[in-house]
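Number of protein chains: 2
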Amino acid sequence: MNPLILCPNQIQVLHLMSVQSYINKNQERFLEELIALLKIPSVSADPKFKSDVFAAAEFVKDALEKAGAENVALCETAGYPIVYGEKIVDPALPTVLVYGHYDVQPADPYELWESPPFEPVIKKTDAHPEGAIFARGSADDKGQFYMHVKAFEAMTAQNALSCNIKFMIEGEEEVGSENLDLFVKENKDKLKADVVLISDTSMLSLEHPSVTVGLRGLAYLQVEVTGPNRDLHSGTYGGAVANPINILCQMIASLQDEDRKITIPGFYDDVENYSSAYRENLNKAPFDEADYKKKLDIEALEGEKGYTTIERTGIRPTLDVNGIWGGYTGEGAKTVLPSKAYAKISMRLVPNQDHKQISKSFESHFKAIAPASVKVKVTPHHGGHPAVIPTDSVGYRAAEAAIQSAFGKKAIPTREGGSIPITSLFQKELGLDPILLGFGLDTDAIHSPNEHYGVKNYLMGIETIVLFFKHFRALSDK
Amino acid sequence: MNPLILCPNQIQVLHLMSVQSYINKNQERFLEELIALLKIPSVSADPKFKSDVFAAAEFVKDALEKAGAENVALCETAGYPIVYGEKIVDPALPTVLVYGHYDVQPADPYELWESPPFEPVIKKTDAHPEGAIFARGSADDKGQFYMHVKAFEAMTAQNALSCNIKFMIEGEEEVGSENLDLFVKENKDKLKADVVLISDTSMLSLEHPSVTVGLRGLAYLQVEVTGPNRDLHSGTYGGAVANPINILCQMIASLQDEDRKITIPGFYDDVENYSSAYRENLNKAPFDEADYKKKLDIEALEGEKGYTTIERTGIRPTLDVNGIWGGYTGEGAKTVLPSKAYAKISMRLVPNQDHKQISKSFESHFKAIAPASVKVKVTPHHGGHPAVIPTDSVGYRAAEAAIQSAFGKKAIPTREGGSIPITSLFQKELGLDPILLGFGLDTDAIHSPNEHYGVKNYLMGIETIVLFFKHFRALSDK
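Residue numbers (this note's numbering), protein chains in the order written: chain W, 1 to 478; chain S, 1 to 478.
Hints in this document: simulated from the structure, not taken from any laboratory. Please note: incorrect hints may appear among the correct ones.
Put simply, identical chains are the same to the list, so a pair is met inside one copy or across any two.
Each computed BS3-like pair below joins lysine-lysine, with the alpha-carbon atoms no more than 30 Å apart [claimed, not checked]:
1. Lys367 / Lys305
2. Lys367 / Lys123
3. Lys39 / Lys305
4. Lys261 / Lys377
5. Lys48 / Lys284
6. Lys284 / Lys295
7. Lys409 / Lys294
8. Lys305 / Lys61
9. Lys367 / Lys261
10. Lys410 / Lys188
11. Lys293 / Lys377
12. Lys409 / Lys360
13. Lys295 / Lys375
14. Lys367 / Lys294
15. Lys375 / Lys305
16. Lys375 / Lys294
17. Lys375 / Lys261
18. Lys456 / Lys190
19. Lys294 / Lys377
20. Lys356 / Lys185
21. Lys61 / Lys185
22. Lys294 / Lys25
23. Lys66 / Lys39
Please put together the full structure from these sequences, using the hints given.
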């Protein structure tokens, strides 16, 4: 045997080893680049951060170019731009479309952050003994989509990119991806791919690696209850004039009954009911209730009667008030009977609920239950349809194989409570089931003060993504 | 008849005429001085205005000295000082103790003020065709207590002060007068008087002058509901972990039943029930429901079943949420399941409810109704006992006579919904029934944006106070 002639499989192994070595050599820089990106407060919900959101888009554009992508561009939308970039190795090869988002959630309340949200620091935690990067957006989603940029850089640098790749990184995920719909519809050819790969979810733990196979939908609305036309003295008018805060509390309380069922007419009509076998299987995922309660410092869990915690966060819809305000909220006491009270209310939806229909039902119900003494305004914010990912696709099997190679363990399929509204868009418009290969942990405090992302999760994520490309190519060939 | 010898009554008439003429000549300056006082943002509830509250105390001290008061001093307390001053014409004469307060309510929400709250402007309104001063504290209580300073100045300047006078102007009325109690107890001799005269209430209108003969008490508390130990992602945890805002809304909603009865056990035990004759008489006060609703821009009134609006705001207790907050309250959407939610809740009390007892009952009830999934903290803010003023005293008759002289009409006795906690203190510690001779109107927006006080009310108030002194002296002599 001529030792200079290697079979394709041997070549791939050598390539993988060199990619891994490249990642190891450059991991400090990979971290530094992410930290630079995390310093940009790209809060899409708040107009005062507008220039920062654009700056983050530019950062991503530059990063893709430096990593070796071609045709990189900021694609304008009615809102923030979508960063596109690609590398077509060979049109005959399978194509992976990577989706992510460079915008972040608002960082409020700032006073609860142990370090400023846009000044990243690395600290050890119980869940991350090797350190985690604390910053808004570290896990959701900058730290996660940036793994793809670095995995791509490593594969390209080592001439080991085994599939074509397309990047689509948007800046409005945290405000409902409202302009993505049109962009995807208008660019079906450009976005043509064999799989959509997304890292914007969590796994159970590095010891229990998992892949998300279900996401809840979302309907998010703001309500405004108006009583008198101005703030009144609660002594002079109290007792005779409806107080919009009291009324709003009553209306919110009435949206759920004693069993925590949502009382909006028709709300459960389209909810998929799962077989007891399915539910039994779902409940096999590792879950330690005592530990869960301890970590949240709560005495008791609470949710829809007749369902477990895994079911309540995975396959059942919810209704949460995300914010409420009205009257005097400063220091001390003010005896005001306010003119207005407000709340932000969201519902997590499950297959086959339609978020637009649910928003409409909410609005008519909320107006119907308002007493004559107040006026009610309901403003839908945004929404997204729930999604279920099949586990028999080439993409899912490639993800399973990548996790098996990287972690030495079989991936656990999980239903996640959050929403990534665009998953159903990709299913509908591109005919692609997204693969939700996330590396965050539930304890990473996304959307909360002190959000963080494990350094090890970041590096293992890059490694797993490289393996995904290898397996996706191999499984596509068969 | 020797024309140079006047009888005492004739002398008094001449004196009164000269006092009235003095007021007329100086009314521009009287207004300017009040405007200067209104420019000081003496918000006692908010520590950031501390130096302004002290500045207002100094202003009052100077004003009393310039008006001719003696022994003027800032009396230190654990909080803001009480301004004292006196003029003892003759120890044998009756003494009037004037109470008022130089602190004001917070001006929030600032954005609803048509002109800045501490930059007074005079504008005409429907209720004040001759103009009203728009500024925080204009009616409550700077504009009202300052009438006494100017009436005193006018009487002193014209050598027409017919009773001794003592001033006690405090700086903590809007935060519960917590340090006044000790001051009054320790200074009973110094404060010895025959009547307490207070202008810190409203009258029905200048066409229907009235005197307040009843005030509600107050119990004011802040509640804090804690769910998980940190803000959570509502997708990951929603449905399984109790949301403290949802829980707070339920708890608040449950504090009143469908008839708007308060559900706290024992709440109504001590409430005085009035005879149908009493209630009938009370309801004779002029009240135009259509106009009342129109001015507030509401379709329907709402309150305790079985009572009229006059009863609901006069002789029945209430429960109002004065402020509520929790979660994300900024622009756009944030899918947070917050750690905490808060509310400020106050109850107006009627004879013979004890505000301390009611605060205790509230606290135990609120804790009792909290589900195991949350923790609850209740912090009493302040309170005051309800008060009823007899209408057969020399003081009340002097007020009636003063109104008759000034307005040419009989004063209507009214029960007011607000609270002046110190009235019951004066009854208990000094044995004096305060006379509540207020000149504000219910539409003056006290405790609200665009608070104002009629220029004519201010000037007629000064005139009426001068007449009160005349009649109090005359009726005391009999």
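Hint check results:
Taking identical chains as interchangeable, the C-alpha atoms of Lys367 and Lys305 lie at most 30 Å apart whether they share a chain (27 Å) or sit on different chains (23 Å). In this assembly of identical chains, Lys367 and Lys123 lie within 30 Å of each other by CA distance neither inside one copy nor across copies; the values are 48 Å within and 38 Å between. In this assembly of identical chains, Lys39 and Lys305 lie within 30 Å of each other by CA distance neither inside one copy nor across copies; the values are 43 Å within and 58 Å between. Taking the closest pair of Cα atoms, Lys261 and Lys377 come within 30 Å of each other both inside a single copy (24 Å) and across two copies (27 Å).
Taking identical chains as interchangeable, the C-alpha atoms of Lys48 and Lys284 are never at most 30 Å apart, the minima being 46 Å within one chain and 56 Å between chains. In this assembly of identical chains, Lys284 and Lys295 lie within 30 Å of each other by CA distance solely inside one copy; the values are 21 Å within and 62 Å between copies. In the homo-oligomer, the alpha carbons of Lys409 and Lys294 lie at most 30 Å apart inside one protomer (28 Å), although the nearest pairing across protomers, at 71 Å, exceeds that limit. Neither within a single protomer nor between protomers do Lys305 and Lys61 lie at most 30 Å apart by alpha-carbon distance, with minima of 48 Å and 65 Å respectively.
Taking CA atoms no more than 30 Å apart as the test, Lys367 paired with Lys261 passes in both settings, with 19 Å inside one copy and 24 Å between copies. In the homo-oligomer, the alpha carbons of Lys410 and Lys188 never lie at most 30 Å apart, since the shortest distance is 34 Å inside one protomer and 83 Å across protomers. Only between protomers do Lys293 and Lys377 lie at most 30 Å apart by alpha-carbon distance; the minimum there is 20 Å, versus 37 Å within a single protomer. In the homo-oligomer, the alpha carbons of Lys409 and Lys360 never lie at most 30 Å apart, since the shortest distance is 44 Å inside one protomer and 58 Å across protomers.
In this assembly of identical chains, the alpha carbons of Lys295 and Lys375 lie at most 30 Å apart only when taken from different copies (15 Å versus 41 Å within one copy). For the homomeric pair Lys367 and Lys294, the shortest alpha-carbon distance between copies (22 Å) is at most 30 Å, but the shortest distance inside one copy (39 Å) is not. In the homo-oligomer, the alpha carbons of Lys375 and Lys305 lie at most 30 Å apart only across protomers (21 Å), although the nearest pairing inside one protomer, at 33 Å, exceeds that limit. Taking the shortest Cα distances, Lys375 and Lys294 sit within 30 Å of each other only across copies (14 Å), while inside one copy they are farther apart (42 Å).
With identical chains, the CA atoms of Lys375 and Lys261 are at most 30 Å apart both within one copy (26 Å) and between copies (23 Å). With identical chains, the CA atoms of Lys456 and Lys190 are never at most 30 Å apart, being 34 Å at best within one copy and 75 Å at best between copies. Taking the closest pair of Cα atoms, Lys294 and Lys377 come within 30 Å of each other only across two copies (20 Å); inside a single copy the shortest separation is 39 Å, beyond that limit. When the C-alpha separation of Lys356 and Lys185 is checked against a cutoff of 30 Å, the pair qualifies only within one copy, where the shortest distance is 19 Å, while the shortest distance between copies is 65 Å.
Proximity of Lys61 to Lys185 under the C-alpha cut-off of 30 Å is restricted to the intra-copy arrangement: shortest distance 22 Å within a copy versus 74 Å between copies. Within a single copy, Lys294 and Lys25 get their C-alpha atoms no closer than 39 Å, and across copies no closer than 75 Å, so neither meets the 30 Å cut-off. Taking CA atoms no more than 30 Å apart as the test, Lys66 paired with Lys39 passes inside one copy only; the shortest distance there is 19 Å, against 60 Å between copies.
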